[in-house]
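Turn these sequences into a full structure, and let the hints guide you.
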Amino acid sequence: MNLKSEPGDNELLRSMLAGDEEALALLYRRRQGSVYRFALQMSGSKPIAEDVTQEVFLFLMRDGRVFDPERGSLNAFLLGVARNHVMRRMRVDQVLTPIGDDGDDDAGLMLADTDLCPLEDLTRAETIETVRKAVLSLPPKYREVVVLCELQDTSYEEAAEILGCAIGTVRSRLHRARALLLAKLRPAEQVEEETSATLKSERCFA
Amino acid sequence: MNSRKLDDETLTSSLQLLAEEMASLNAPPEIEQKLRQAFRAQKVVVPIWRRRAPYWLAAGIAAVLLIAISVVALRSRTEKPNQTTAGQVEQPRIKEQPVHEEPKVVVDQTAPKEHQQIAQKPRRPASRRAQNNEVANHVNREIATDFMPLGYFNAATLQDGGQIIRVELPRSTLMNFGLPVNMDRYHEKVKADVFIGVDGLAHAIRFVR
Numbered sequence: 001m002n003l004k005s006e007p008g009d010n011e012l013l014r015s016m017l018a019g020d021e022e023a024l025a026l027l028y029r030r031r032q033g034s035v036y037r038f039a040l041q042m043s044g045s046k047p048i049a050e051d052v053t054q055e056v057f058l059f060l061m062r063d064g065r066v067f068d069p070e071r072g073s074l075n076a077f078l079l080g081v082a083r084n085h086v087m088r089r090m091r092v093d094q095v096l097t098p099i100g101d102d103g104d105d106d107a108g109l110m111l112a113d114t115d116l117c118p119l120e121d122l123t124r125a126e127t128i129e130t131v132r133k134a135v136l137s138l139p140p141k142y143r144e145v146v147v148l149c150e151l152q153d154t155s156y157e158e159a160a161e162i163l164g165c166a167i168g169t170v171r172s173r174l175h176r177a178r179a180l181l182l183a184k185l186r187p188a189e190q191v192e193e194e195t196s197a198t199l200k201s202e203r204c205f206a
Numbered sequence: 001m002n003s004r005k006l007d008d009e010t011l012t013s014s015l016q017l018l019a020e021e022m023a024s025l026n027a028p029p030e031i032e033q034k035l036r037q038a039f040r041a042q043k044v045v046v047p048i049w050r051r052r053a054p055y056w057l058a059a060g061i062a063a064v065l066l067i068a069i070s071v072v073a074l075r076s077r078t079e080k081p082n083q084t085t086a087g088q089v090e091q092p093r094i095k096e097q098p099v100h101e102e103p104k105v106v107v108d109q110t111a112p113k114e115h116q117q118i119a120q121k122p123r124r125p126a127s128r129r130a131q132n133n134e135v136a137n138h139v140n141r142e143i144a145t146d147f148m149p150l151g152y153f154n155a156a157t158l159q160d161g162g163q164i165i166r167v168e169l170p171r172s173t174l175m176n177f178g179l180p181v182n183m184d185r186y187h188e189k190v191k192a193d194v195f196i197g198v199d200g201l202a203h204a205i206r207f208v209r
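Residue numbers (the numbering used here), protein chains in the order written: chain A, 1 to 206; chain B, 1 to 209.
Derived by calculation from the structure, the hints in this document are not laboratory data. There may be inaccurate statements among the hints.
What the hints assert, rightly or not - Here are some chain A residues pointing at chain B (derived, C-beta under 7 Å):
#: 1; residue: Glu21
#: 2; residue: Leu24
#: 3; residue: Val66
#: 4; residue: Pro69
#: 5; residue: Ser73
#: 6; residue: Ile128
Using N, Cα and C, we set each Cβ at its ideal position, and we do this for glycine too.
Now the structure itself:
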């Protein structure tokens with residue numbers, strides 16, 4: 001009963017634009033988590049994630065009327081705005097070091113020192129940290145699909161809406177991103193043996 | 001294949017672990033406070049007419065000031081020509097006061113500078129009279145002859161200054177100075193300005209009609 005009585009995002013947005021501060025608060029509490037996490041997972045920086053979250057909702061307050069409910073959900077709209085802000089900040093701040101697609105990076109070397117099956121041996125915390133770093137090391141266009149589809153549990157359709165591309169592109173990018181992640185998380189020797197051929201073929205789909 | 005499938009599953013579970021780990025992360029509460037403050041500030045300013053009132057007000061005041069300045073400027077421009085025309089009209093009146101300018105002609109033959117000084121003195125009473133409309137009108141209507149020297153006249157006497165006194169003389173006096181006399185009005189008196197020097201003697205005379 002309570003859930004049904006709660007106003008939807010569009011209704012809250014209308015109320016907020018009409019000057020209802022509580023509507024803003026409700027909408028913020030409902031959607032800030034996904035925006036903040038997306039910005040954090042994309043940038044790897046808490047200050048950037050906080051700034052982006054604030055900018056997104058400030059944008060919603062100022063220009064919320066540009067949102068068209070017929071074109072998609074408010075959550076997708078907010079994540080799209082967040083994506084633009086994150087990309088802008090990343091270009092400006094250059095917080096992240098650009099890493100190529102070859103997977104020869106620090107995360108891979110670190111895992112290579114441990115074991116042939118490092119993911120099984122790592123503790124949960126280590127696994128999380130390793131995966132987080134691997135995700136952050138992905139090129140932005142692969143990182144964002146991983147963040148959206150794997151970490152944010154966003155549907156392909158919504159991800160395509162956020163990223164402004166076709167669903168097929170989302171799928172192919174996700175496939176490629178997963179291959180890259182595997183390449184980064186596995187030892188360098190296995191990468192050379194097992195994934196070199198498949199990566200070459202999968203490039204065609206990206 | 002099996003190892004790869006295992007890797008995919010492991011990767012998926014690892015990503016799920018990361019997602020679960022980060023699912024509890026939220027933006028700090030300070031952001032909500034900042035947004036609320038920004039919203040209140042925006043809300044205060046939201047009404048367009050209020051938000052733009054200062055601009056409209058400033059623009060309106062500027063327009064009114066501009067119009068006022070232009071009106072004043074136009075008026076001053078239109079008034080200046082009027083003043084000059086008025087001055088042009090008034091100037092002949094002053095020139096028509098030959099009473100005070102005549103001494104120049106009388107004395108000027110020897111020392112022009114002295115003439116000018118003497119000529120300036122009679123102007124003072126003329127200006128004073130100008131303040132009185134009746135007198136001024138009276139003076140403006142007068143026609144006078146040139147100042148004619150009387151006995152004991154010299155340039156030094158003029159330099160010392162003097163006084164012009166209006167007197168009425170018998171019309172026969174005109175004949176003494178070689179002026180024609182209207183015999184029909186022979187018994188009437190004629191007005192004359194007598195220039196009296198500092199020595200108390202009459203040095204010049206002109207007849208006024």
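For each hint, the structure was consulted:
1. Glu21: Given a least distance of 6 Å, the restraint on glutamate 21 of chain A holds.
2. Leu24: Hint on leucine 24 of chain A: holds, closest Cβ of chain B at ~5 Å, below 7 Å.
3. Val66: Violated, about 16 Å.
4. Pro69: 21 Å, violated
5. Ser73: Violated: closest Cβ of chain B sits about 19 Å from serine 73 of chain A, beyond 7 Å.
6. Ile128: At about 5 Å, which falls below the 7 Å cut-off, the nearest Cβ of chain B leaves the hint on isoleucine 128 of chain A intact, so it holds.
Comparing the model with each earlier hint shows violations of hints 3, 4, 5; every other hint is respected.
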